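*Asks:* Once you have looked at the hints, place chain Y on chain Z.
Listed below, chain by chain, are the residues.
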Amino acid sequence: MAYLNEELPVPLVEDDGLDAPYWEAARQHKLKVQRCTQCKTFQWGPEWICHYCLSYDVEWVEIEGSGRIHSWQRVWHPIPASLKDKVPYLIVLVELPQAGNIKMIGNLLGDGSQPVEFGAPVTTVFEDHDRGEQSYTLVQWKL
Amino acid sequence: MTSRSLRGKTAIAGIGETTYYKRGKSPYPEFRLALDAILAAAADAGLNPREIDGFASFADERSTPTRLASALGLKELKFASLAWEGGGGGGAGALGTAAAAVATGVADCVVVWRAITSGSSRRGVGAGGSASIQGDRAMWYPYGMISPAQMFAMRVNRFMHDHKIEASALRAIAMASYTHAQTNPRAVMYGKPLTEAAYDDSRYIIEPFHRLFDCCQENDGASAVIVTSAERARDLKQKPAYILGAAQGTSYRFAAKAHNSPDYASAGFTSLAPRLYEMAGVKPEDIDVLQLYENFTGGVLMVLIEHGFIKPEEANDFLKLENLIAPDGKLPLNTSGGNLAECYMHGIGLQIEAVRQLRGQSAAQVKNARLALMASGPMVAPTSNVIFGTAETL
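Protein chains in written order, with this note's numbering: chain Z, 1 to 143; chain Y, 1 to 394.
Since the hints were made in silico from the structure, they are not lab data.
None of the values given here were measured: they were computed from a predicted structure.
Careful: at least some of the hints might be erroneous.
Claimed, not checked - No farther apart than 25 Å at their CA atoms in a straight line, the calculated lysine-lysine pairs in the DSS-like style are these: (1) Z:K142 x Z:K30; (2) Y:K283 x Y:K320; (3) Z:K40 x Y:K257; (4) Y:K283 x Y:K367; (5) Y:K192 x Y:K78; (6) Y:K257 x Z:K32; (7) Y:K237 x Y:K320; (8) Y:K283 x Y:K9; (9) Y:K311 x Z:K142; (10) Z:K30 x Y:K257; (11) Y:K22 x Y:K192; (12) Y:K78 x Y:K237.
To be verified - Simulated restraints on C-beta separations: (13) Z:I49 x Y:T19: 33 to 41 Å; (14) Z:D15 x Y:P274: 38 to 46 Å; (15) Z:E24 x Y:G308: 42 to 50 Å; (16) Y:P262 x Z:G119: 17 to 25 Å; (17) Y:E51 x Z:H129: 53 to 61 Å; (18) Z:I49 x Y:E218: 37 to 45 Å; (19) Z:S113 x Y:G46: 54 to 62 Å; (20) Z:I49 x Y:D286: 41 to 49 Å.
Ideal Cβ placement from N, Cα and C applies to all residues, glycine included.
Here chain Z stands alone, though its shape is the one from the complex (with noise of 0.2 Å):
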């Protein structure tokens, strides 16, 4: 079951491919970020070269699908008005300590009332969204 609704846009690869084996990855429920093979720096969002070593050979690794909440919110006016009956719900922006500390957005599942702590340990939950030929997965989040 969605934490929102099916009423958000879908999330498309982007037409330049840059993007697809994130989201490949997410619908095999494994989570995969760019990491450099020259000087090992992790990158997220994925680029086409390492901002670090400017080499153009960056590769998917698949990683653990934890962290910590490096921030939070919890939204109660909906935008758009359809996630109405959905608020509040919680965005975190969640601290990757395994891959370098890069960050990911993401909703914290369960209670949208329920308290946060910065720095507390979360973990991957995917979520599927199955609408046929537009079918996605989300990585979300869990205490």
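*Replies:* Below, chain Y alone, put in the same frame as chain Z:
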């Protein structure tokens, strides 16, 4: 200081604005409002509008320079520029670009402006309403992170947490704008004062630090300023507001995708502020009045700190209404009512107010205001800022 500087070479000679309306309430279309503001700025300067020869605006502006030049019957268009990305974060950047064009002889009279009507812009309508999304936004839209408030709230929350700053600091910033708006008949919130109780009782847009009164308005209207050379400005009708310095940009990877800014809990001015002060040749303590773009009050808090006006540990004690209001506050802030309570012209209204302060024409005048700092678009990328000075500061 490098000899390649904008310091004192150009000035704002004219300011103009339309009536400011609540969102969706303008009786006129957007392009008509742009014309009104530009002609008002020319009249204010005592400048024949046919002397305008350049336009500089910033991201999302829709009234294009070539249409404006044609509509206004300009003799010649010599310069047209748009500061990329960051929405309102480009406002002072557009002014800096205009100043650079004038200082280098590319053009002589450059308009910097913003015109907005919700009807023609569909601003706020498209957000989240599209069926699909890709690229960086695909990493946040599906999580219900779509509106500007949602995009910035986590930067603010982390900063407040790191420095143990309380909501009362943000309330003082909101109260300063509303208090000043009560002396400014142009302000949309004129006659609508805000009390501490009303702030505290207002609903959360986002918890914990975005109550209703922490968020800017959406408005219809237009505002414009005219930049010309220092020499020419001295021959025009008004006291020139000299541009002493301007900066635009981001710190290292501030715009990294999916909120991967290394300096996350930031308004984005850590690298700009030192550059701005160096070009202007002044220090934070020299500044008499501040016009700081309020998209959200938490952004203003970080702008104050990143520009050296207060230290994080001073925020709870210093950010009280009495310190932020004209004429006698230690750090008068947003003296027209700003984006929160005068009008949200994406910061051009704040530039106009900085000029009014240096002319002595503000409705909430700071005594002997000689140096004014204006900052555009906290928390976006890129951001920009500018320092204006009177003739005595040159």
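*Asks:* Look at each hint and say if it fits the structure.
*Replies:* Here is how each hint holds up against the structure:
1. Z:K142 x Z:K30: holds, 16 Å
2. Y:K283 x Y:K320: Holds, at about 23 Å.
3. Z:K40 x Y:K257: The given pair, whose Cα atoms are some 19 Å apart, holds under the 25 Å limit.
4. Y:K283 x Y:K367: holds, 19 Å
5. Y:K192 x Y:K78: violated, 44 Å
6. Y:K257 x Z:K32: Roughly 16 Å between the alpha carbons, so the hint for Y:K257 and Z:K32 holds.
7. Y:K237 x Y:K320: violated, 38 Å
8. Y:K283 x Y:K9: Distance of about 19 Å is within 25 Å: holds.
9. Y:K311 x Z:K142: violated, 36 Å
10. Z:K30 x Y:K257: Distance of about 20 Å is within 25 Å: holds.
11. Y:K22 x Y:K192: Within the cut-off at roughly 13 Å; holds.
12. Y:K78 x Y:K237: Holds, at about 24 Å.
13. Z:I49 x Y:T19: 33 to 41 Å: At roughly 49 Å between Cβ atoms, Y:T19 and Z:I49 fall outside 33 to 41 Å, so the hint is violated.
14. Z:D15 x Y:P274: 38 to 46 Å: holds, 39 Å
15. Z:E24 x Y:G308: 42 to 50 Å: About 47 Å separates the Cβ atoms of Z:E24 and Y:G308, which means 42 to 50 Å holds.
16. Y:P262 x Z:G119: 17 to 25 Å: Holds - the Cβ-Cβ distance for Y:P262 and Z:G119, about 18 Å, lies within 17 to 25 Å.
17. Y:E51 x Z:H129: 53 to 61 Å: holds, 58 Å
18. Z:I49 x Y:E218: 37 to 45 Å: 38 Å Cβ-Cβ, so the 37 to 45 Å window holds.
19. Z:S113 x Y:G46: 54 to 62 Å: holds, 60 Å
20. Z:I49 x Y:D286: 41 to 49 Å: holds, 42 Å
In summary, the structure is inconsistent with hints 5, 7, 9 and 13 from the numbered list given earlier, while agreeing with the others.
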